[in-house]
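Student: Make a model of the complete structure from these sequences and hints.
Mapping to my numbering: the sequence shown position 40 is 53, numbers consecutive.
One or more of the hints may lead you astray.
[To be verified] No more than 30 Å apart at the CA atoms, straight line, and that leaves these computed lysine-lysine pairs for DSSO-like:
1. LYS111 with LYS93
2. LYS72 with LYS93
3. LYS111 with LYS99
Keep in mind the hints are simulated off the structure, nothing from the lab.
None of the values given here were measured: they were computed from a predicted structure.
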Amino acid sequence: MVRVLAKDASAFQAALHAARDFRGDVTLELHDGTQVEGFVYDHSSSGINSERRIRMLPKDGSARLTISEDRIQAIAFTGKDAAAGKSFENWVRRYAEKRLAGEKACIESEPLD
Numbered sequence: 014m015v016r017v018l019a020k021d022a023s024a025f026q027a028a029l030h031a032a033r034d035f036r037g038d039v040t041l042e043l044h045d046g047t048q049v050e051g052f053v054y055d056h057s058s059s060g061i062n063s064e065r066r067i068r069m070l071p072k073d074g075s076a077r078l079t080i081s082e083d084r085i086q087a088i089a090f091t092g093k094d095a096a097a098g099k100s101f102e103n104w105v106r107r108y109a110e111k112r113l114a115g116e117k118a119c120i121e122s123e124p125l126d
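Tutor: Now the structure itself:
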């Protein structure tokens, strides 16, 4: 698990951008002590800190959240990247290996879990 504190401004901004591109869940630790875990789908990075926002889908299924960047104390990458290792090239390689081994190879995708 990677955890980045807001004290290090450049690393924190890089982590926020990475969170938007990450295909798994992140945990935001807020200054008031609460933690929110979910999928970050948007990060507005223009303007001053109080105007910058993170938008996320909470893991618990509650309503979408918009959180001001200045409320975030730390960010941690806590979830599994759902697409890790599942590139098209890897799929073609596994398909070809199965066919060459005489095994049944099909086009159905693998389960996410």
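Student: Which of the numbered hints above does this structure break?
Tutor: The structure conflicts with no hint, since it agrees with every one listed earlier.
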